[in-house]
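Asks: Going line by line, the protein sequences match chains A and B. Position 214 (the first sequence) corresponds to 214 in this note's numbering; numbering is contiguous. Position 81 (the second sequence) corresponds to 81 in this note's numbering; numbering is contiguous.
If you're looking for bench data, these hints aren't it; they were derived computationally from the structure. There could be a bad hint or two in this list.
Unchecked claim - Label-pair distances were calculated between CB atoms; the ranges are:
(1) B:Glu67 to A:Trp148: 28 to 38 Å
(2) B:Gly40 to A:Arg71: 56 to 66 Å
(3) A:Gln211 to B:His130: 30 to 40 Å
(4) A:Gly40 to B:Glu201: 34 to 44 Å
(5) A:Ala64 to B:Glu48: 53 to 63 Å
(6) A:Arg208 to B:Glu48: 39 to 49 Å
(7) B:Ile247 to A:Arg79: 28 to 38 Å
Glycine included, every Cβ here is placed at the ideal spot set by N, Cα and C.
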Amino acid sequence: MGLLDGKVAVITGAGSGMAKASVRLFVAEGAKVVAADVSGAEKDTAAEVGDGVLPVHCDVTVEAEIEATMRAAVEEFGRLDVLCNVAGIAEGAMLADVTTEHYERQMDVDLRGVVFGMKHGIRTMLAAGNGGSIINWSSLGGLNGSPWTGVYSAAKAGVIAVTKAGAIEYGPKGIRVNAVCPGFVHTEIMGAHPEYTPGILEKSPLGRGAQPHEVAEVAAFLASDRASFVSGVAIPVDGGWGAKLA
Amino acid sequence: MGMLEGKVALITGAGSGMAKASSRIFVREGASVVAADISGAEKDTAAELGDAVVPVRCDVTVEADVEAAVAAAVERFGRLDVVLNVAGIGAPEPIHELSAGTYDSILDVNLRGVLHGLKHGIRAMLDGGHGGAVVNWSSVGGLNASGFPTAVYSASKAGVIAVTKAAAVEYGGQGIRVNAICPGFIQTEIMGRSGGQKFPEMFEKAALGRAGEPLEVAEVAAFLASDRASFVSGAIVPVDGGWSAKIA
Chain A
1 MGLLDGKVAV ITGAGSGMAK ASVRLFVAEG AKVVAADVSG AEKDTAAEVG DGVLPVHCDV
61 TVEAEIEATM RAAVEEFGRL DVLCNVAGIA EGAMLADVTT EHYERQMDVD LRGVVFGMKH
121 GIRTMLAAGN GGSIINWSSL GGLNGSPWTG VYSAAKAGVI AVTKAGAIEY GPKGIRVNAV
181 CPGFVHTEIM GAHPEYTPGI LEKSPLGRGA QPHEVAEVAA FLASDRASFV SGVAIPVDGG
241 WGAKLA
Chain B
1 MGMLEGKVAL ITGAGSGMAK ASSRIFVREG ASVVAADISG AEKDTAAELG DAVVPVRCDV
61 TVEADVEAAV AAAVERFGRL DVVLNVAGIG APEPIHELSA GTYDSILDVN LRGVLHGLKH
121 GIRAMLDGGH GGAVVNWSSV GGLNASGFPT AVYSASKAGV IAVTKAAAVE YGGQGIRVNA
181 ICPGFIQTEI MGRSGGQKFP EMFEKAALGR AGEPLEVAEV AAFLASDRAS FVSGAIVPVD
241 GGWSAKIA
């Protein structure tokens with residue numbers, strides 16, 4: 001008996017990293033999953049994890065693709081209970097060097113993608129009338145500042161704001177909305193850029209980075225009925241990093 | 001296979017409310033529990049839940065009592081993996097009428113009691129050498145002011161948040177995770193019997209439009225205590241149906 005038996009989830013960014021780990025865990029806990037990604041790697045995720053995963057191409061900056069992804073969940077699996085808005089990018093720039101292109105690309109994926117994911121996820125949940133649970137990926141960068149990440153932090157702080165707004169607006173319909181704020185996580189992207197990591201591993205009091213599945217576990221709990229009174233919350237998953245003055 | 005299979009937990013305030021509900025969930029998930037309370041009702045909790053629960057009388061304001069409760073866990077079950085510092089009190093009193101007695105009693109139970117639990121729980125975990133998890137009970141009152149005159153209660157619960165973060169930072173290196181939960185309006189025995197009549201407006205404050213059940217808070221504590229939350233530490237988690245996310 002899994003935590004998510006009988007539930008249907010859409011997970012964006014599912015070709016890699018924390019989203020891919022979430023697909024794996026959600027299926028292990030009994031859910032059916034639509035694995036959405038712009039990269040094509042969602043097909044690999046589906047092939048690896050097996051039955052219960054439907055890969056769907058989805059660029060979260062394009063509203064019609066998000067809408068189609070939610071529809072795919074209903075058509076393939078009959079309902080939508082959980083939405084994990086994971087897809088995101090992190091491009092750095094000092095504020096004096098921010099370009100319009102950098103700003104728009106960062107905001108388009110990390111904030112607009114989440115907002116429109118919520119819009120169509122909530123619409124689908126409202127149509128079925130069974131409530132639901134949404135988990136948005138914010139970041140430790142959404143709670144505090146760091147150099148090079150001003151626009152990223154703004155997008156991720158925005159994710160916390162829309163998480164709270166969504167929780168308040170749709171709580172009466174039984175839809176819970178929460179955010180996770182990962183610290184340093186050993187995703188494929190971070191593994192490919194060891195230059196990002198010096199010093200970061202010591203910052204978390206646990207003295208290490210997270211494995212993607214450790215963040216997925218928090219998302220699975222929030223998605224489950226065990227978290228029935230948790231809504232409007234932004235949970236750091238950072239080994240204590242955010243609890244500490246820099 | 002439960003989430004807490006093989007773990008040993010000390011739960012304070014376990015005679016009633018969220019702590020009693022936590023004892024129940026922890027046993028369901030496979031843990032052994034020392035149910036500590038000052039009231040005597042810890043014996044009822046143990047009688048209801050069976051052999052996996054040992055009741056211990058404990059006044060959390062008395063350091064020796066807390067030390068003995070921790071020792072009881074190690075003696076009876078061989079180790080200590082989890083401490084839930086739940087025991088707490090509240091007494092509304094406007095600031096301009098505040099008595100020293102009210103201040104002392106609230107801070108003693110809600111903050112000193114939590115520090116006692118941290119101190120001796122962490123010592124036992126350090127001795128065991130395999131890390132551990134502590135979950136402290138703060139409150140939405142530790143995050144913001146309420147419409148009731150609860151300044152001192154809020155101060156004590158904000159202090160719980162501060163020591164939670166401090167302990168997470170101090171002992172993360174030894175594999176000890178420390179987190180706090182901030183319950184909103186929960187229908188405990190104390191609130192449940194009269195809560196609906198006394199505070200009807202409270203049910204509407206949460207975005208979910210209802211009060212929480214003690215078991216719903218216990219589920220969050222069980223998750224945080226489990227190895228599934230292996231990278232969650234220093235986190236302050238409201239369990240309030242969305243109440244604290246909203247501008248009043």
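Asks: So which of those numbered hints doesn't the model satisfy?
Replies: The structure breaks hints 1, 3, 4; every other hint is satisfied.
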